[in-house]
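**Q** One-letter residues, chain by chain:
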Amino acid sequence: MAGQVVELEIPARAEFVSLARLLVSAMASSDTLLPDDRIDDLKIAVSEACTNAIEAYGGVDSVERVLVRCHAHDNRLEVDVEDRADGFDPSALPDHPPVTDPDRLKFERGLGIPLIRALVDEVEFSSSGGGTAVRIVMWHSDSIGNGRVGG
Amino acid sequence: MELGLDVTERNGYAVLAVFGEVDVYTAPHFRERLIELVSEGKHQIVVDLEGVDFLDSTGLGVLVGGLKRLRSHDGDLSLVCTQSRILKVFEITGLTKVFAIHDSVDAAVAP
Chain A
1 MAGQVVELEI PARAEFVSLA RLLVSAMASS DTLLPDDRID DLKIAVSEAC
51 TNAIEAYGGV DSVERVLVRC HAHDNRLEVD VEDRADGFDP SALPDHPPVT
101 DPDRLKFERG LGIPLIRALV DEVEFSSSGG GTAVRIVMWH SDSIGNGRVG
151 G
Chain B
152 MELGLDVTER NGYAVLAVFG EVDVYTAPHF RERLIELVSE GKHQIVVDLE
202 GVDFLDSTGL GVLVGGLKRL RSHDGDLSLV CTQSRILKVF EITGLTKVFA
252 IHDSVDAAVA P
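Protein sequences appear in the order of chains A and B. Going by my numbering, the first residue of the first sequence is number 1, and it counts up by one from there. Going by my numbering, the first residue of the second sequence is number 152, and it counts up by one from there.
Please keep in mind that the hints were generated in silico from the structure rather than gathered at the bench. Bear in mind the structure is a predicted one, so any value in this text is a computation, not a measurement. You may find that some hints are simply not true.
[To be verified] Derived coverage of chain A by chain B (criterion: at least 3 residues anywhere in the stretch with Cβ under 8 Å from a Cβ of chain B; other residues may be distant):
id, stretch
1, 6-19
2, 115-129
[Stated by the list, open to error] These stretches of chain B come out as covered by chain A in the derived footprint (C-beta under 8 Å, 3 or more residues):
id, stretch
3, 173-179
4, 201-208
5, 238-251
Think of the CB as a built atom: it goes at the ideal place given N, C-alpha and C, for glycine as much as any other residue.
Starting from the given sequences, assemble the full structure and let the hints guide the process.
**A** This is the structure:
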């Protein structure tokens with residue numbers, strides 16, 4: 001149903017990230033025209049954003065919360081992932097060495113944000129000392145090329 | 152959410168078949184199993200991802216860490232994966248150039 005908004009507040013713990021994926025998957029399947037492969041992309045992006053939020057709190061037994069909000073528009077799905085941790089500068093992330101460089105194997109982390117950027121249609125990071133908000137937008141395929149108007 | 156991890160031996164390779172979803176919650180279990188295998192002297196490892204329903208960057212990190220550990224023992228880690236949704240994350244991150252990715256376990260352990 002277009003216009004529908006569903007919010008889920010999860011404890012900032014690793015075992016709840018799958019719940020966030022379940023929410024966006026259910027919402028995207030029932031309330032949007034996104035094809036299955038785009039829903040898979042969205043699930044990865046939301047998983048990455050939630051993982052970053054949980055890790056931003058820095059504790060495995062954190063009592064903090066992560067908010068996941070899905071808003072189904074006529075022509076797109078927006079997902080917000082918000083935390084109240086210390087924030088970070090997404091533009092200051094170090095670049096990884098080229099994949100052909102043996103030093104590439106020193107980097108086990110830091111792939112999450114590049115993956116989000118590659119998999120979704122739009123992403124916006126808003127970060128400050130009061131937390132980080134990630135807005136992910138997935139346009140319906142029939143909206144791309146039609147000016148992405150309305151919603 | 153449980154992660155299935157089954158180990159078999161094939162042609163001198165340890166084949167670690169992974170089932171389920173690999174994310175920040177299950178990745179530590181996956182990492183521990185890989186480290187155990189290396190500690191047991193298994194330095195030629197094939198990770199079979201055909202039973203994986205979901206894999207994000209935490210899973211990629213486990214595999215990169217496993218490969219780094221094995222290379223330090225003159226070993227190697229290759230993958231079995233034909234699922235486009237899983238292959239996509241390797242392609243986006245450029246890791247298709249780091250890992251040998253096979254269509255089947257038979258191909259991965261072929262002499």
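**Q** With a C-beta cutoff of 8 Å, work out whether three or more residues of the stretch 173-179 of chain B approach chain A closely enough for the coverage to hold.
**A** With 3 residues close enough to chain A, the hint holds.
**Q** Taking a Cβ-to-Cβ distance below 8 Å as contact, does the stretch 201-208 of chain B have at least three residues touching chain A?
**A** holds (count 3)
**Q** Checking C-beta pairs, does the stretch 115-129 of chain A have three or more residues closer than 8 Å to chain B?
**A** holds (count 3)
**Q** Under a C-beta cut-off of less than 8 Å, do 3 or more residues of the stretch 238-251 of chain B approach chain A closely enough to confirm the stated coverage?
**A** holds (count 8)
**Q** Three residues minimum, CB to CB under 8 Å: does the stretch 6-19 of chain A make the cut for coverage by chain B? Let me know.
**A** holds (count 4)
In the structure shown, no violation is registered for any of the earlier numbered hints.
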